[in-house]
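With these hints in hand, go ahead and build the complete structure from the sequences.
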Amino acid sequence: MATKRMTPGFSDQVMGLVKSLRTDAPDCVASGVVDMSTGMLLSYETVDNHPPEVLDLLAGATLDLFQGRTVVMIEDVFKERRGSTSDNHLFQEILVNSENLTHLFVRMNEQQDVVAVVVCRKSVNVGMLFAQVRRVVKEYSL
-10 MATKRMTPGF SDQVMGLVKS LRTDAPDCVA SGVVDMSTGM LLSYETVDNH
40 PPEVLDLLAG ATLDLFQGRT VVMIEDVFKE RRGSTSDNHL FQEILVNSEN
90 LTHLFVRMNE QQDVVAVVVC RKSVNVGMLF AQVRRVVKEY SL
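If you're matching positions, the sequence shown starts at -10 in my numbering and goes up one per residue.
It is possible that some hints are incorrect.
[What the hints assert, rightly or not] Cβ pair distances, simulated, as ranges:
| # | residue 1 | residue 2 | range |
| --- | --- | --- | --- |
| 1 | Glu69 | Arg110 | 34 to 42 Å |
| 2 | Thr59 | Glu34 | 29 to 37 Å |
| 3 | Asp16 | Asp65 | 33 to 41 Å |
| 4 | Leu46 | Asn98 | 25 to 33 Å |
| 5 | Thr74 | Val36 | 39 to 47 Å |
| 6 | Glu34 | Asn89 | 13 to 21 Å |
[Unchecked claim] The list that follows gives simulated cross-link-like pairs (lysine-lysine, DSSO-like), each with its CA atoms no further than 30 Å apart:
| # | residue 1 | residue 2 |
| --- | --- | --- |
| 7 | Lys8 | Lys111 |
| 8 | Lys8 | Lys127 |
| 9 | Lys111 | Lys127 |
Just so you know, the hints here were simulated from the structure itself, not pulled from any lab data. The beta-carbon is built from N, C-alpha and C at its ideal position, and this holds for glycine as well.
Below is the structure:
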């Protein structure tokens, strides 16, 4: 997996993904890509200015959502019960609604440790949000 990250076009692909998510997701106010193996926010676009510490926390929160200790335990139990030996994670998409916003976190298909993040106004049509984000993620397949 690390070798793919070192290829010359990876950062361009990440920036393209963020831009496509930002423009194609309905009611989108921010988008980004988190690398959970390093705990870093690789790229982002937003309509507002956010303090750097909030952006740093986004990567950590994404890691907790997808690979927190309890989540990994749940995945391990299901894999054991199903007899699965796959390294892929079971949790692929997570939708979080806050007071004013809807946040969608989606693992990339090829690289399970890379997560696309889209933040939209709470009034977003969630079905359209999923459809558009899935389409964009499939196009980029990092």
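The hints, checked one at a time:
no.	hint	result
1	Glu69 / Arg110: 34 to 42 Å	holds, 41 Å
2	Thr59 / Glu34: 29 to 37 Å	holds, 31 Å
3	Asp16 / Asp65: 33 to 41 Å	holds, 36 Å
4	Leu46 / Asn98: 25 to 33 Å	holds, 26 Å
5	Thr74 / Val36: 39 to 47 Å	holds, 44 Å
6	Glu34 / Asn89: 13 to 21 Å	holds, 19 Å
7	Lys8 / Lys111	holds, 20 Å
8	Lys8 / Lys127	holds, 15 Å
9	Lys111 / Lys127	holds, 24 Å
Violation of the numbered hints given earlier is absent; every hint is satisfied by the structure.
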